[in-house]
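Asker: Sequence:
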Amino acid sequence: MKAFFPVQCTDTLMRIALLVKQARLQQGVRQIDLAERLGITLRTFRRIEAGSAEGVSLRDFMLVVWGLGVSERLFQGLRDDESFSVEQLEAADRKRVRLPRNRPEDF
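Mind the numbering: the sequence shown is residues 1 to 107 in full-length UniProt numbering, read in order.
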């Protein structure tokens with residue numbers, strides 16, 4: 001049985017896959033050539049271009065969108081969001097979520 005994956009996420013992946021494919025075709029690059037240049041397997045590249053999240057690492061995904069020059073288009077909103085900074089990410093990295101302890105009187 002496959003794990004749940006929201007429809008909105010599937011739709012977003014398909015849109016990104018289309019963007020990746022269009023960029024590659026506009027640049028006249030074969031799948032195998034781009035995969036080799038980026039140091040990923042052809043199978044992984046094909047999965048990304050098909051919009052599949054199965055077995056694709058975030059690193060490989062980012063290499064593909066960067067290698068095709070579409071990362072700016074995809075992530076511009078993150079860069080423009082002033083409420084989202086590197087400093088905030090670093091501060092959040094140091095925080096933990098602690099669950100409340102069960103006390104005997106809770107039962």
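Please keep in mind that the hints were generated in silico from the structure rather than gathered at the bench. Treat the hints with care, since some could be wrong.
[Claimed, not checked] For each label pair, taking beta carbons as the anchor points, the in silico distance ranges come out as:
(1) Arg46 to Arg73: 19 to 25 Å
(2) Gly28 to Lys2: 33 to 39 Å
(3) Pro100 to Leu18: 31 to 37 Å
(4) Arg94 to Gln26: 40 to 46 Å
(5) Gln26 to Arg96: 42 to 48 Å
(6) Arg79 to Leu25: 24 to 30 Å
(7) Ala91 to Glu36: 37 to 43 Å
The structure displayed is predicted, hence computed values, not measured ones. C-beta: ideal position from N, C-alpha, C; glycine also.
Asker: Against each hint, give a clear statement of whether it holds in the structure.
Answerer: Hint by hint, here is what the structure shows:
no., hint, verdict
1, Arg46 to Arg73: 19 to 25 Å, "holds, 22 Å"
2, Gly28 to Lys2: 33 to 39 Å, "holds, 36 Å"
3, Pro100 to Leu18: 31 to 37 Å, "violated, 46 Å"
4, Arg94 to Gln26: 40 to 46 Å, "holds, 43 Å"
5, Gln26 to Arg96: 42 to 48 Å, "holds, 46 Å"
6, Arg79 to Leu25: 24 to 30 Å, "holds, 26 Å"
7, Ala91 to Glu36: 37 to 43 Å, "holds, 40 Å"
Checked against the numbered hints above, the structure violates only hint 3.
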